[in-house]
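Chemist: Below are the chains, spelled out letter by letter.
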Amino acid sequence: MRGGRRARAMVALGGLVFAMAAAGCGGGGGVPAGWVRASWGDPQNPLEPANTNEVQGGKVLDMIFRGLKRYDPRTGAAVNMLAERIGTRDSQNFTITVKSGWTFSNGEKVTAKSFVDAWNYGALLDNKQKNASFFEYIDGYEKVHPAAGAASARTLAGLVVKDERTFTVRLRTKFSTWPDTLGYTAYAPLPRAFFDDHRAWLKKPVGNGPYTIDSYTRGSAMRLSRWDGYRGPDRAANKGVELRVYTDNNTAYTDLQAGNLDLVDDIPSTQLKNVTKDLDGRYINQPAGIIQTLDFPMYRAEWNRPGMEKVRKGLSMAINREQITTQIYRRTRTPATDWTSPVLGEKGGYRAGLCQDACTYDPGRARRLIEEGGGLPGGRVTISSNVDNGSHRLWMDAVCNSINNALGNDRSCTVNPIGTFADFRNQLSDERLDDMFRSGWQMDYPLIQNFLQPLYYTDASSNYGKFSDPAFDRLIDAANSRTSTAGAIAEFQEAETVLARQMPAIPLWYQNGSAGYSEKLSGVMLNPFSVPVYERITVK
Amino acid sequence: MSRYVARRLLQMIPVFIGSTFLIFFMVYALGDPVAALFGDKAPDPATAARIRQDLYLDQPLWKQYLHYMGQVFAGNFGTAFNGQPVTELMGSAFPVTLRLTIVAIVFEVVIGIALGVLSGLRRGRPVDTTVLLLTLVVVSVPTFVSGYVLQYLIGVKWRLASPSVSPEATFGELLLPGVVLALTSLAYVTRLTRTSLAENARADYLRTALAKGLPRHRIVLRHLLRNSLIPVVTFIGADIGALMGGAIVTERIFNIRGVGFQLYQGILRQNSPTVVGFVTILVIVFLLANLLVDLLYAVLDPRIRYA
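If you're matching them up, the sequences are chains A and B in order.
Each residue of the first sequence is one higher than the one before, starting from 296 at the first, in my numbering.
Each residue of the second sequence is one higher than the one before, starting from 4 at the first, in my numbering.
No lab work stands behind these hints: they were computed from the structure.
Computed from a predicted model, the values in this text were never measured in an experiment.
Any given hint could be a false lead.
What the hints assert, rightly or not - Mimicking DSS-like on lysine-lysine, the simulated pairs with C-alpha atoms at most 25 Å apart in a straight line are:
no. : chain 1 : residue 1 : chain 2 : residue 2
1   : A       : Lys572    : B       : Lys44
2   : A       : Lys761    : A       : Lys568
3   : A       : Lys568    : B       : Lys160
4   : A       : Lys815    : B       : Lys66
5   : B       : Lys160    : A       : Lys423
6   : A       : Lys469    : A       : Lys498
7   : A       : Lys534    : A       : Lys499
8   : B       : Lys66     : A       : Lys423
9   : A       : Lys469    : B       : Lys44
10  : A       : Lys469    : A       : Lys404
11  : A       : Lys438    : B       : Lys160
12  : A       : Lys534    : A       : Lys815
13  : A       : Lys423    : A       : Lys438
14  : A       : Lys534    : A       : Lys423
15  : A       : Lys457    : A       : Lys394
16  : B       : Lys44     : A       : Lys835
17  : A       : Lys761    : B       : Lys160
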């Protein structure tokens, strides 16, 4: 009797284990042969080109859209895609000719109007597009997107359609490298369907890229199959891609190990130690267009008075970047020696070592410089950042320790953790932070201009520290009005040396993109935006 | 009985209003969410203002709350930042979490009570000690540890089941996450059952039943177990609500797009319609589960009556 009950319990337990095993065979949800199963994050915004400002939504747009230009996945150079010719004589008025033969996947022709309509839509305040500011260089922007009040025009005065394949653009000021910004997804053309039935389009976006969307279940998965009607030079080498939403990159990594997933483009930091062994070398770790800096609140008098540049430089020299990137990040970050990114390449304006001594760890000189400059304001300094993601707490503690050790005082640097990104952003915008704060910059397009002007130009959109230097502004203006790219870059670099002298922001490190993939895949690479180049992946 | 139920249901209305307001207030206290929507870039003031106006965020708190409640009573729970209506999110998330909870509860009930009976009937014997020791271990291991370990062992090492759950989230796929989710409660159920059983085993009515010569299984099932289950039922009832809302960790580990996932996203992005909507439903689930538990008492113990 007693034995019988025990036996029954054992049978029940055995049954459960068996059921679990049986379920394992059916789990995972297969895709057809020749498809790539890749990890994804839930896009924060609706998938409109001018409304997508983060990587996850950008991934999809990069697969289903092609713009006038496209950044070469390897070099980052802007090359013509739909643009046949972008001509200008004065760096302010541009004539753009669109190549013939391009269509959207619903059969509609891509014309000059497809671009002009899309840009007008993106710029108009009523449409609340988060990338609207990309159109601010175009003449008439202040009418369609006034700083306050309602829009007084529906279209940008600077955009004129000449004929089916030609349109002209008039900018507000000279901007020599403007055509090179056109690879950004905000400038993608849009089909009529986008305007005629917006709701339906958002459910299943239609573009002109190498993939078309088969199905999209928001919050969980998207299936994109190769568009066989695509006539561009970069046809997809695989049959399709299934993007799966993961909330935890550890789970994605486990799925990759279990053969349930083919491509993970964010390796969890806890796995970095084992990743090469786990994946047998199928691991990519390469620079991305992201730089992390520590900015100073130049809006505070105590940080802005003359002589403080010595203190700012001293703090920079007190940070042991080499040690932190090796020990915490296992070389998925590279110590920064300028204010741009290695992905620009020497030709694009990256210059290693531009920061010189000020970005080299030298605790002795750091202490002397800070003393010469009058010491830390109030004798101590804090570092603020949101800590809800990105292991920020970890490196902030490390940076503080490094500073404390250099200054020989355990209390000179403390961390001020802020709960959410939104709260951090609000405190920044309201100028409530009175000490150093974290700033991360992910480039929009691989141009040196994008790393300097939005961040350090007087009153620029993302100049959180309110740094202002007439010499810097003059050099940026001069660079933008240059007609030759090489000349412009030299001037941008000249402007960058102003940063090296003033140190309004301490360059910490360049962030790398990382990815791991299964044996089934080959040809996996990341572009300068650390997004996998899906169309080049081949499946065994 | 029906009057009792009606009274309990009416009591839910103030609780509902109070809890929605509290949650609304707490999410509001986190600050303005619009700034975070722009990523690394500083928000463009004109666009941000327009978005705020659209989301009713430019109004004082009480007005926002009234506006929100007005919408809720019209069946509109607002929209998430990606443009999806919250009701749509609920429609996809709640069935998944409900299935996960059912799996967990079944595990708790079947294995928890079985183990509890087993050790309760053999107090002091090796079986009892083993079970007690095991439950102690299970209780002291946090869910994220047991989750990752089981996921690695079963999903990667032995390849018995998929380490993550597909969007369909069928019962079969939810077995492993269900076990992980149930483990801690299962241990509690075991211990509760054991103690309660041990207490009642010495009761007079049991001695009477034994003296009457009833078969042992009848004594255990009808007399001993039924009377011992009241605290266990209370625990499980309260646990339903906890499991549905508290599955955040488990849902993250196994990539289940359920309530925990949506809540997590909502909190991270400070989207008050998502958070308030989901928590409100959870509050209702909690209240209903409690009502159900109270009604079950009467079934288990005929002495308890509701007028």
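Chemist: If you test the structure against every hint from before, which numbers come out violated?
Modeler: The structure conflicts with hints 1, 2, 4, 5, 6, 10, 11, 14, 16, 17, although it agrees with all the remaining ones.
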